[in-house]
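Participant: What follows is each chain in one-letter form.
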Amino acid sequence: MAVMTYRDALNAALREEMARDPDVFLMGEEVAEYDGAYKVSKGLLAEFGDHRVVDSPISELGFGGLCVGAAMAGLRPVVEFMTFNFAFLALDQVINSAAKLLYMSNGQFPIPIVFRGPTGAALQLSAQHSQACETYYVHAPGVKVVTPATPADAKGLLKAAIRDNDPVAFMEGELLYNFKGEVPEDDDFVIPLGVADLKHEGDDVTIVTHGKMVHVALQAANKLSTEGIGADVVDLRSIRPLDVDAILRSVQKTNRAVYLEEGWAYVGVGAQIVATIQEEAFDYLDAPVLRVTQADVPMPYAKNLEMMAKPSADRVVEACNKVLYREAR
Amino acid sequence: MAGTKTRRAKAPKESPFDMHGIAPELALDLLREMLRYRRFEEKAEEAYAIGKIGGFCHLHIGQEGVAAGAIKALRESDYVITAYRDHTEAIAKGVAPTAVMAELFGRTGGTSGGKGGSMHMFARSVRFMGGHGIVSGQVPLATGIAFRIKYKSEDDIVACFMGDAAVNQGGFHEALNMAAIWELPVIFVVENNHYGMGTAFRRVSLTDMVERSSPYAIPASKVNGQDVLATYAHFRDLAAEVRNGGGPRFVDVETYRFRGHSMSDPVSGTYRPKEEVEQHTHFDDPIAILRDHLFEAGSLDQDGLEAMDAEAREEAQEAFEFADASPVPGPEALYEHVWADVDGNGRLRFDGREEAPWR
Ligand SMILES: Cc1ncc(C[n+]2csc(CCOP(=O)(O)OP(=O)(O)O)c2C)c(N)n1
Ligand SMILES: [Mg+2]
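Residue numbers (the working numbering), protein chains in the order written: chain A, 1 to 329; chain Y, 1 to 359.
Rather than coming from a laboratory, the hints here were simulated on the basis of the structure. Quick caveat, the model's predicted, so the values are computed rather than measured. Please note that the accuracy of each hint is not assured.
Pairwise CB distance ranges, derived in the manner of DEER restraints [claimed, not checked]: (1) 21(A) with 168(Y): 34 to 42 Å; (2) 170(Y) with 327(A): 50 to 58 Å; (3) 34(A) with 270(Y): 47 to 55 Å; (4) 307(A) with 56(Y): 47 to 55 Å.
C-beta atoms are modelled at their ideal positions from N, C-alpha and C, and glycine is treated no differently.
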């Protein structure tokens, strides 16, 4: 084990997978000479050359599509989107090409590609730069969506995503890049997609979440524990494939659940999770399943408004209290 | 660079075969090819009319010279990718007409087992890379295939076909720019039939087609796609340049669509007058033009032509019969090939259907 940042964990995963498989290459804006807009690709140009670490023009649709074509022809591209806010321009190639080519060709063209970059809000970047984009990707059959919350998960899941033969949207958090944690140094440390991780244990209520919000959920769980309430924090780690069993296991134990996500509520990831829980664990529920999400508005710039718009540990505690039919202290 | 629009040679009259360096045997092959495509499409038209084919269906009738001229000038290991008007380009690349017709019928014998349909023919084994339904969607993909060729230091090339309407999409411009800066081995081929559905190109562009690659410093050229000899010679020369590391090329292939945009669009009407269409079908039929050259050169006579045509008709009929006899996909096909890796952890499907494995 080594203590490293989320950024360095991603960097290690890229380096190891590029060393392991010559068909893996990285393309995106500023990935090479600038060392990455968030320095995730630091040093890779020097190690692998401009043949495999490729600075693209600012052409998300173009290089997104180019990499899908390269995957059709047998390479294993890793596409870095500077942030997923800019990837809307490439969404046609993700949804209409990457997600469908295997099906439309009856299995002839697997698309082993990773689209990665930060999703969600950082601090005061305003509406166009502060969006949680998971829903757009997870909606379409044919795309897997992975959202690591910790350095270890970042490394193990990115390695799995690169080795996976399906398109994977790998969504990081800008505010997580400096987050430190223990990471196995083993080259074969791979975390399979579709396995959730119980990040905190408790018997009274289940908080299901993914990505950066895991840390907000943990703050809420800690607050609740000071009040004698035990919360399970189920970190999904990947939204598709979804570890339904892990969710149901926890809900069957606590009989109460709250979904926490950074994005908007309407047809968000939580809508699916709530539907799944009520379909498959209805008899175990002692309260409606609640969701804590971003306010249903574009992200405002002013600091106080931004704080109000974002989901917070306090809101999660409040929702947990509600499903416990408990007066807040 | 080779060939702009071919002009009638002045006396002493040089034969079009000599002019383009094409032996009569090859010219006969090109005629045979175009007849195969024409008869295939006519058969598809017939099958559509009796309800054997559904959905959108875009015929290539009138544009056969582009498929034969461009694709037959390539090597077998070269890649071809195109838009939704893809039946004859698939056949030109070596896909069996039986498989193309069965795909049109939505049957298991089709190129995609009936799951792609008219717009989505695919055949990895012959490097026919589809069959793409979003206007210009294939252009970045083609550039990525060319990226792979360069990445692996191979010497294949990509021919990327598109309609004239594709050049107004952002993805087209982004892809051409990247192909240029990375000197990728791809020929961007505009099948310029002058209309995107009912929109004449001149109504949506103030620049000529052949100017469209100039911002990216990609050499451009123009060729008459109704003259298959000129088209073949043009692509033979371009392919050599690109294969030898010359970087991408852009070609405006002048052609004309003899049918409506798709099966629901009449041949002529609101956006193009009957006289215009008749002018083209009468004077610009790529099959008739080559036939006349061959007659004139004494390389073909009426009997020879009829024998060739009979074979083409027979092949189309066989394709029809094969497709009609091919089974429809079984229910198990519904969930097949959504995912390449299906046996991992977690749930991938959320439709709550009974057939779903977790029920
Ligand atoms: C992005 C997109 N917009 C609109 C359409 C609908 N559409 C299908 S074909 C077509 C016209 C395309 O014309 P062109 O590229 O010239 O090809 P042609 O049909 O002439 O072969 C349109 C608008 C589409 N398929 N994709
Ligand atoms: Mg057109």
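Participant: Work down the list of hints and note, for each, if the structure agrees.
Facilitator: Hint-by-hint comparison with the structure:
1. 21(A) with 168(Y): 34 to 42 Å: 38 Å, holds
2. 170(Y) with 327(A): 50 to 58 Å: 56 Å, holds
3. 34(A) with 270(Y): 47 to 55 Å: The hinted range 47 to 55 Å holds for residue 34(A) and residue 270(Y), with Cβ atoms some 53 Å apart.
4. 307(A) with 56(Y): 47 to 55 Å: Hint holds: Cβ distance 50 Å, inside 47 to 55 Å.
This entry satisfies every hint, going by the numbered hints stated previously.
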